[in-house]
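A.B. asks: Protein sequence lines, in the order shown, are assigned to chains Z and G. Everything in the first sequence is counted per my numbering, starting at 11 for the first residue and increasing by one. Everything in the second sequence is counted per my numbering, starting at 410 for the first residue and increasing by one.
Hints in this document: simulated from the structure, not taken from any laboratory. We put the CB at the ideal spot given by N, CA and C, even for glycine. Incorrect hints may appear among the rest.
Unchecked claim - List time: in silico EDC-like cross-link candidates among lysine to aspartate or glutamate, alpha-carbon distance up to 20 Å:
#	chain 1	residue 1	chain 2	residue 2
1	G	424	Z	31
2	G	424	Z	27
3	Z	30	G	421
4	G	514	Z	179
5	G	524	Z	19
6	G	429	Z	179
7	Z	30	G	470
8	G	428	Z	19
Unchecked claim - Here are a few chain G residues that face chain Z, going by a calculated C-beta distance under 8 Å:
#	residue
9	462
10	468
11	480
12	519
13	523
14	527
Claimed, not checked - Over the 10 Å line for every Cβ pair with chain G, so calculated as not near, a few chain Z residues:
#	residue
15	19
16	22
17	30
18	53
19	76
20	77
21	92
22	102
23	148
24	189
25	209
26	210
27	211
28	216
29	223
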Amino acid sequence: MKGTIIEADEGEVFDIELEKDLLQKNKQIAIKNKKMLDENKIIAIDIMGSIGSGKTSLIECLADKLKGKYKIAVLNGDLTTSIDADRVEKHGVNVIQINTGKECHLDANLVKKAIDQLELSNLDLVFIENVGNLICPAEFPLGSSKRLVVISVTEGPYMVIKHPYIFIEADVAVINKIDMAEAMQVNVEGLIKDINQINPKTKVVAISCRNREGIDELIDALDL
Amino acid sequence: MASQIVEIVSNEAKKRNAKKILEVHLVIGKLNFIGKEQLKFSYKILTEKTLLESSKLLIREEEANVKCDSCGYEGSLNFEDDQTFHLMIPTLVCPKCRKIVEIIKGKEFSIKSVKMVS
């Protein structure tokens, strides 16, 4: 039986209940990405962090340490250029550059397109380097198994309390460039305390990519 | 985000043969990053010369609520008031027993309803 459509009269004002989730689209694709990665037994780590905090250096360190144990791919997100991808490629891992153009974060759809280009059956571990930004990436899950946030002491002592919300999303937080802490007069313990206060669940690791310090602790924190 | 709102509301208006949109009601959680002022600014520009032109974008903020598995606390998220910086820093620590809490509310970003004229 055909339903009756009741139309409002000309000029009548009416309310429509929509309940439309505006973040839903991204979430749905993120769930699909996660499923696809899980089916292929791939661990994916979303690496978020401020500009210049050392996300790429961190991936280089992790790739060097882990390439014997895992088959690794790296997705490098940036507005433009393939500088980071070229750097990472030298470490003997598969790299795909994702240029967002103008977007300040990666989203699940861009990551899906990159994943589609990978030979998933031949991979165990994927690092996704997000665009340098401590705000927007938090809102866009990509389908990763874990989310990591990188900051460094050269950004000063207030990076954590100025951007508390991204730490709410972080499974692991890294404080990089601790070899520079004294020169910068930044108290690393203070930064760790700030992260613990915001999210006691976040595992915090202080490292120096330059000196290769703390990388093993980070690998433990990531359960890799 | 703003263009998504305009697109969704325009489609709803077309479906219902509406002539004009008067109000769009949104809910934004206190724990997400959507900037209200930027959103309103972009909305105004994007709605020019559309059915949504000069409609009101009304935003209700959703409180951040948490749940504690240890003591059963359910209520608002604790904010540490840092006097040094005049900042309110959110903390996922239970205000009652100081154990870790889970977020149960405060991350919504949705269109609740639309007021239109036929």
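A.B. asks: Evaluate each hint against the coordinates.
C.D. replies: Evaluation of the provided hints:
A hinted pair counts as satisfied when its Cα atoms are at most 20 Å apart, and residue 424 (chain G) with residue 31 (chain Z) qualifies at roughly 19 Å. Between residue 424 (chain G) and residue 27 (chain Z), the direct Cα distance comes to roughly 14 Å. Compliance with the 20 Å bound is thereby established for this hinted pair. Straight-line distance between C-alpha atoms of residue 30 (chain Z) and residue 421 (chain G) comes to about 11 Å, which keeps the hinted pair within the 20 Å bound. Of the pairs offered as hints, the one joining residue 514 (chain G) and residue 179 (chain Z) holds, with about 14 Å between alpha carbons and a cut-off of 20 Å not exceeded.
With a C-alpha separation of about 15 Å, the suggested pairing of residue 524 (chain G) with residue 19 (chain Z) holds against the 20 Å cut-off. The suggested pairing of residue 429 (chain G) with residue 179 (chain Z) is violated, with an alpha-carbon distance near 40 Å, which exceeds 20 Å. Only pairs whose Cα atoms come within 20 Å are accepted, and residue 30 (chain Z) paired with residue 470 (chain G) is accepted, the gap being roughly 16 Å. Only pairs whose Cα atoms come within 20 Å are accepted, and residue 428 (chain G) paired with residue 19 (chain Z) is accepted, the gap being roughly 11 Å.
For residue 462 (chain G), the shortest C-beta to C-beta distance to chain Z is roughly 17 Å, which exceeds 8 Å, and the interface hint is violated. With 8 Å as the threshold, the beta carbon of residue 468 (chain G) stays out of range of chain Z, its nearest partner Cβ sitting at about 12 Å, so the hint is violated. Of the supplied interface hints, the one on residue 480 (chain G) is violated, with its beta-carbon coming no nearer than about 15 Å to a beta-carbon of chain Z, more than 8 Å. Against a cut-off of 8 Å between C-beta atoms, the interface hint on residue 519 (chain G) holds, since the closest Cβ of chain Z lies about 5 Å away.
Here the hint on residue 523 (chain G) is kept, as its CB sits about 5 Å from the closest CB of chain Z, short of 8 Å. Contact between residue 527 (chain G) and chain Z, as hinted, is supported at the beta carbon level, the nearest pair being about 4 Å apart and thus within 8 Å. For residue 19 (chain Z), the non-interface assignment is contradicted: its Cβ lies about 7 Å from the closest Cβ of chain G, within the 10 Å cut-off. Not every Cβ of chain G is farther than 10 Å from the Cβ of residue 22 (chain Z); the closest lies at roughly 5 Å, contradicting the non-interface assignment.
With a minimum CB-CB distance of about 4 Å to chain G, residue 30 (chain Z) fails to clear the 10 Å threshold, and the non-interface call is violated. Listed as a non-interface residue, residue 53 (chain Z) keeps its Cβ farther than 10 Å from every Cβ of chain G; the least gap is roughly 23 Å. Under the 10 Å C-beta cut-off, the non-interface status given to residue 76 (chain Z) relative to chain G holds; the minimum distance is some 29 Å. Against chain G, the non-interface label of residue 77 (chain Z) holds: every CB pair exceeds 10 Å, the least being about 34 Å.
In this structure residue 92 (chain Z) is separated from chain G by more than 10 Å, as the shortest Cβ-Cβ distance comes to about 28 Å. At the 10 Å boundary, the C-beta of residue 102 (chain Z) stays outside the reach of chain G, the nearest C-beta of that chain being 37 Å off. Distance to chain G contradicts residue 148 (chain Z) as a non-interface residue, since its nearest Cβ pair spans about 6 Å, not more than 10 Å. The beta carbon of residue 189 (chain Z) is kept farther than 10 Å from every beta carbon of chain G, the shortest such distance being approximately 27 Å.
A Cβ of chain G approaches the Cβ of residue 209 (chain Z) within 10 Å, the least distance being about 5 Å, so the stated non-interface status is violated. Once the 10 Å rule is applied to beta carbons, residue 210 (chain Z) is inconsistent with being away from chain G; the minimum gap is 5 Å. With 10 Å as the threshold on Cβ separation, the claim that residue 211 (chain Z) sits away from chain G is violated: the shortest Cβ distance comes to roughly 6 Å. Its beta-carbon lying about 20 Å from the closest one in chain G, residue 216 (chain Z) satisfies the requirement of being farther than 10 Å from that chain.
With 10 Å as the threshold on Cβ separation, the claim that residue 223 (chain Z) sits away from chain G holds: the shortest Cβ distance comes to roughly 28 Å.
Of the numbered hints stated above, those contradicted by the structure are hints 6, 9, 10, 11, 15, 16, 17, 23, 25, 26, 27, listed in ascending order.
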